[in-house]
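S.K.: Chains as they are written, first to last, in the numbering used here: chain U, 66 to 249; chain B, 14 to 381.
Calculated from the structure, these hints are not laboratory results.
Each hint should be verified, as a subset may be incorrect.
No farther apart than 20 angstroms at their CA atoms in a straight line, the calculated lysine to aspartate or glutamate pairs in the EDC-like style are these [stated by the list, open to error]:
(1) K336(B) to D235(U)
(2) K212(B) to D235(U)
(3) K334(B) to D300(B)
(4) K323(B) to D235(U)
(5) K231(U) to D350(B)
(6) K239(U) to D171(U)
(7) K260(B) to D350(B)
One side of the interface only, derived from the structure: several residues of chain B facing chain U at Cβ under 8 angstroms [as the list claims (entries may be wrong)]:
(8) Y219
(9) L223
(10) R337
(11) D345
Just the calculated beta-carbon pair ranges, DEER-fashion [said to hold, decoys possible]:
(12) R280(B) to E132(U): 34 to 40 angstroms
(13) Y136(B) to S186(U): 35 to 41 angstroms
(14) V87(U) to P65(B): 26 to 32 angstroms
(15) T69(B) to T188(U): 52 to 58 angstroms
(16) G182(U) to G175(B): 48 to 54 angstroms
(17) F226(U) to K212(B): 24 to 30 angstroms
(18) T100(U) to F279(B): 46 to 52 angstroms
(19) T100(U) to Y136(B): 52 to 58 angstroms
(20) K239(U) to P169(B): 36 to 42 angstroms
Just so it is clear, CB atoms sit at the ideal spot from N, CA and C, and this is done for glycine as well.
Okay, here's what each chain looks like letter by letter:
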Amino acid sequence: MNLKKHLLILIMASLLSCYTRVYRDINMDFGVVRTVVVMPLVNLSSNQMAAERVRDVFITMLLAASELYVLPPGEVARSISMAGIQNPTAPTAADIIKLGNITKADTVITGTVKEYGEVRSGTATSNVISISIQMAETQTGRVVWSASTTRGGIGITDRLFGGGGKPMNDITEKAINDLIHELF
Amino acid sequence: MNFFKVFFLFTIGLLHLLGCAGVKETVRDNTSLEVIDFHIAVLPVENLSGKPAPLTEIRQMLINKIKILGLDILEDEFLDWFMEQNRIRYTGGIDSATAKSFKEEMGADAVLITSLEFYDAEYPPKIALISRLVSTGDKPVILWMDGTGLTGDDAPGILGLGLIDNPLVIQDNAIINIAVSLSRYITGRLKNTNAYNVKFRPRIYYRSPLLHASSEYTIALIPFLNKSSRKNAGEIVMLHFAKELMKMKNFEIIEPGITRQSLLNFRIMMSSGISIADTDLLSNTLDADLILTGTVMDYQDYEGTWGTPKVNFYTLVIERKSKRVFWISSSDNRGDDGVFFFNLGRINTAHAMTSKMANSVVKIMEGR
């Protein structure tokens, strides 16, 4: 019985360090999605470059997955300008439809970087990333997929032995990998 | 012809020996060598370091070294007059019209363009240079391109006997490296490095299956979008890519000066990267199959004794016909990556690291 309890605690602890939540529209056929626009992300972290760093890694990893074609960021910026979107980080349904007509993309991805950088707890420090992503289809502007994930943070080993946690790039890639894994 | 080959081999050997021994005065004074019928205009050094640097001295040292190779350098008075007449202010590249004028008015066969990437006279002194030789005439092409990045503590040796504290010695060593590489090009003995360093390969990359390893591509390079705190990092990373692409057989590079002129002519502003419409316009104007650009997130050299260089950039290649992304990659390295004992394998300049990172990107892109 004790062994089971310990195993449960270990599983819970490992789940807490990698926490992903997903919403998926059951009526959406994700197989038809071929081209994607990744919009600039909202940055709620204290690092000014966090949103751009995460977006660049996200675009590269999405393309590297070889399942979807992602429009280059320069083309997205031009399309946003052409569509006259006031707030590209939080486009309305009408904005998404307009963007779809200009870019011929099937879906538009928006997102938020909630945490990015170092966290402290007592003497222990570590890196953490927390991001949420939404995918909206360009025909209706409706959100068809949404996911959020958190990676890094101060774990037991960081508290006991210190070390500063894993590098920011490593946990960013892992977090985005979690999201892409959920998408496919 | 054989005499020239023997003569150049002797010169290279001499420069190598002098580079190792640290005695440079003999090289400067040795001007009795035979002159080859190849006229070069040495443009003033472009300062990409973002700080004041002894550009005139560096240029003069470079001229002295090249003269030893037996190349004929156009006189400064003529060059100044020519630059004034043609209103040339930008010295980081040449466009087609300027290249033609260089040939017709000055009789120059090539132009040597040098960019100072980094300069720090404080101990340990640091310098990074990138040079290229561009032909003149109707269609300027890059004939040779190389760079060097040195610091005073690159090889401390036993009891720190190898430490260099004089910035002039570092400058001299860097210029000797450039001159030796140029002499290798002239004698047809350029090194062909086959393998890339796994440590510096991109962390993530996408390579389009339509990018054929056997096909030849003309490629135009656009300065990377600079989101780092380092001034001119976009231009610097672009030059590194040009340098590494020059080593590949499958890629023909369009002189960055021509690309720059096209960007100015079409008033293309890229605040968020290049769009497909701009890519289309540029590739058709320049007759380029591929457009290479990207974003620099970090480009850090350290000043003083302690620190580690850090470089992080994204590379993007768009193809002309399909108007699609053919390559995208994310590269991120620190100078102490994979260093565990006694600083073995440590890299002290962002220049050296970016060269290796760009080299691995280019080689994977080529299909190696």
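S.K.: Verify the CB-CB distance for T100(U) and Y136(B) against the hinted window 52 to 58 angstroms.
M.R.: 54 angstroms, holds
S.K.: Quickly compare the C-alpha distance for K231(U) and D350(B) to 20 angstroms and report which way the hint goes.
M.R.: 14 angstroms, holds
S.K.: Just tell me: holds or violated, for the beta carbon distance of K239(U) and P169(B) against 36 to 42 angstroms?
M.R.: Because 38 angstroms falls inside the window, the suggested range holds.
S.K.: Should the hint that Y136(B) and S186(U) are 35 to 41 angstroms apart at their CB atoms be regarded as holding?
M.R.: Hint holds: Cβ distance 40 angstroms, inside 35 to 41 angstroms.
S.K.: Do the Cβ positions of G182(U) and G175(B) conform to the proposed distance bound of 48 to 54 angstroms?
M.R.: For G182(U) and G175(B) the Cβ distance comes to about 39 angstroms; the hint is violated.
S.K.: Next item in the hint list is Y219(B). Is there a CB on chain U closer than 8 angstroms to its CB?
M.R.: Constraint on Y219(B) satisfied, holds at 4 angstroms.
S.K.: Are the Cα positions of K212(B) and D235(U) separated by 20 angstroms at most?
M.R.: Roughly 15 angstroms separates the two Cα atoms, so the pair holds.
S.K.: Does D235(U) lie within 20 angstroms of K323(B) when you go C-alpha to C-alpha?
M.R.: 15 angstroms, holds
S.K.: Does the closest beta carbon of chain U sit nearer than 8 angstroms to the beta carbon of L223(B)?
M.R.: 12 angstroms, violated
S.K.: Given the range 46 to 52 angstroms, decide if the beta-carbon distance of T100(U) to F279(B) lies inside it.
M.R.: This hint is violated: roughly 26 angstroms between Cβ atoms.
S.K.: Given the range 24 to 30 angstroms, decide if the beta-carbon distance of F226(U) to K212(B) lies inside it.
M.R.: 26 angstroms, holds
S.K.: Restraint: R337(B) near chain U, CB-CB cut 8 angstroms. Satisfied or not?
M.R.: Because about 7 angstroms separates R337(B) from the closest Cβ in chain U, which is inside the 8 angstroms limit, the hint holds.
The structure fails hints 1, 6, 7, 9, 14, 16 and 18 (numbered hints given earlier, in ascending order).
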